[in-house]
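Taken in sequence, the protein lines are chains A and B. Sequential numbering of the first sequence, starting at 7, is according to the working numbering. Sequential numbering of the second sequence, starting at 148, is according to the working numbering.
It is worth saying that the hints were derived from the structure and are not from the lab. Don't be surprised by glycine CBs; every beta carbon is placed ideally from N, CA and C. Possibly wrong hints are sitting among the right ones.
Cut-off 25 Å, straight-line C-alpha distance, at most; resulting in silico cross-link-like pairs (BS3-like, lysine-lysine) [said to hold, decoys possible]:
#1 424(B) - 335(B)
#2 467(B) - 186(A)
#3 270(B) - 39(A)
From chain A, some residues computed to sit far from chain B (all C-beta separations above 10 Å) [unchecked claim]:
#4 66
#5 68
#6 82
#7 164
#8 251
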Amino acid sequence: MTKPKIAIYDFTDCEGCEVKLVSLRERLLLIEKKVDIINWRLGQEHFESGPYDITIIEGTPVTEYEIKLLKELRENSKILIALGACAALGGIPGIMPEKDRKVWYEKIYTAQYHPKGIDASPLSAHVSVDFSIHGCPVDEDEVVKAVEELLSGKAPTYCGYSVCFECKVAGNPCRIVESKPCMGPITQGGCKAVCISGGSPCYGCFGIRDQANIPALIKIFEKFADENEIKRYLTMFHNRTPQITEQVKKIDEYKK
Amino acid sequence: MISNEFIAKIEGHGSLKIDWKNNKVKLNIHEGERLFEGILVGRTAEESHWITPRICGVCPIAHNLASLSAIEDAYGIEINETSKLLRKLMMAGQIIQSHVLHLFFLVLPDYIGIDRGTELAQKDPKSFAKVLLLKELGDDIARIVAGRNVHPTRTTVGGFHKIPTKDELRILLEKLKETKDAVEWTAKFFSKLEYPELNVELELVAHKDGQIVSSNFGATVSIKDYKENIEEELRDYSTAKFGKYQGREMMVGSLARLAIGFKETPSVDGETLGVDKFIDKLNFQNPFHNNLAQAIEILQFYKQARKIIEKLLQMEMDAKIPTSETPSVEERSGKTLGVEYKGIGAVEAPRGGLYHEIHLDSSGIITYANIITPTVQNLTSMEKSSQALLDQTTDKDQKEREKLLNMLIRAYDPCITCSVH
């Protein structure tokens, strides 16, 4: 049996999810035995132009070049996987609204600067994505799980429970009970509630779970947080998630 | 479009534009702009150290700590001794993580005739086992102190949400002891590599005692005056700015820190450091030696990590976050204080001096942010050294010179994602 041909790409982002791939250590070696990585700029010089059986993309396509390349990669790949919050959701770069970019280019670079970036959207804004390995950064076990499912010929699957389930397993006190906003109830599990366990908030980087009741959670937030705080929580990773931006719009309209 | 036009095995997207006829080279930076200084505006003090690590997944702890110290500087918060030690330990873990990744996965393949770093597993399984041990060590320090190996979860303004238990620290100390051979082997190994020859007049710049110090012509200045002394220039072929120190091309990072004598690491268990013999081998006019400097730093920060843990184990750890100096929530939410807060946080990140400046309004909302990353400061020197390499290798063929240029860029360990941010 020939090994599946893999390409790994990083668009505009922090490359932390690729760092996580290296952190797989021994498990990375095991994966490498079962696949043929024929294109990975960060890891190797060896390069083949495809077609690819699986293309894994980290980061947001921000420049015109990246958007074009993404479309070409889609055409040349059987399976296209988004790796991490930037690729899957737009993530932190997605906080910057397209309409505000011009002002910030001027402030950060000067008015003479010729920008390369257009907008920071998830991959799915431009092409169809077969599966997203979520997280900012991704979790090692989730990467291995998705890769094993793919290699066994099975469609990879998402966790069927929310972060709350894992948060209870971790023995954390509930943030919402303590009157702190938390995206855990509407967020897919898989992260092992690592942020909440460390004392940080959950901003939902693992993606919105199926049948999440977002308006109900916002209603709960309203009991102890003002609208600006609620909006900041909702948009930390999800400023490009339609289900969320719809709700943010409603908050803005209600204010008027 | 699907091509290999960018330099492989560096963080981010850059390429060298070489004019072979006229023997000229330019370093083009293609990374998309994320506009972090704009993303931060409108966010809160507690969100800045959450957002800025996402500038770079290779040195997130450095950004996390730079933002925290900027906010603490703005609010006049003095963190306690436990927090100071734990943050130093985090940083030691960060430097080990970053240098190990760079040296073994990005640099070493050039020197031993492999392509992907993991090919060492077949070529020399014993050595690769050591590499994995070192990778695990860096990740474990970050995980146990900062909460996760990439992007911290435990830090907060004023200290830590959660500090490690003494049991966790004891486990970490054991791990450090097990890794001793691998760390020493690394310094020895990289001191025996044959680095390409190159002679460049380098302006090496690093922090020492709250000041920015240059090895060459540059005057010593306070870190608070970073903005006036590190000028950022626009280049029409780059989405990153190019940094200069008092008007001259500058190099920051491991080689610069060792030139300035950044860390005179104290001895551990009565052992002497044993780094002098390696430092003697450094040529501070050859940027390729930055890689040996990184290997020496792994040893230094390894020893520092052990020392810090031993100290923490002996003392009573204090998990409290100082509140007396901190404006209360009511104050921060804007009713009583009308002043604007301004703070500067600087750290020596794996790749060199990193500066975060943050201003907040009376309700704790960020109104201004300025970030200067190490790679911005290195870009000018990378270009200058590339030109020097072209000038000093005219006897070699084009293919070899191209290979050497790529190796030179890698030697700087550029983080282009940081440089554009």
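We went through each hint and held it up to the structure:
1. As the CA atoms of residue 424(B) and residue 335(B) are separated by approximately 10 Å, the hinted pair is consistent with the 25 Å bound.
2. Distance check on the hinted pair: residue 467(B) and residue 186(A) sit about 20 Å apart at the alpha-carbon level, within 25 Å; holds.
3. Between the alpha carbons of residue 270(B) and residue 39(A) the distance comes to roughly 15 Å, so the proposed pair stays at or under 25 Å and holds.
4. Residue 66(A), annotated as away from the interface, has a beta carbon of chain B within 10 Å; the closest lies near 8 Å.
5. The claim that residue 68(A) lies off the interface is violated: its Cβ sits roughly 3 Å from the closest Cβ of chain B, which falls inside the 10 Å cut-off.
6. Not every CB of chain B is more than 10 Å from the CB of residue 82(A) (nearest about 6 Å), against its label as outside the interface.
7. Distance check for residue 164(A) against chain B: the nearest CB is about 21 Å away, which clears 10 Å, and the non-interface claim stands.
8. Its beta-carbon lying about 16 Å from the closest one in chain B, residue 251(A) satisfies the requirement of being farther than 10 Å from that chain.
In this structure, the hints that do not hold are numbers 4, 5, 6, in rising order.
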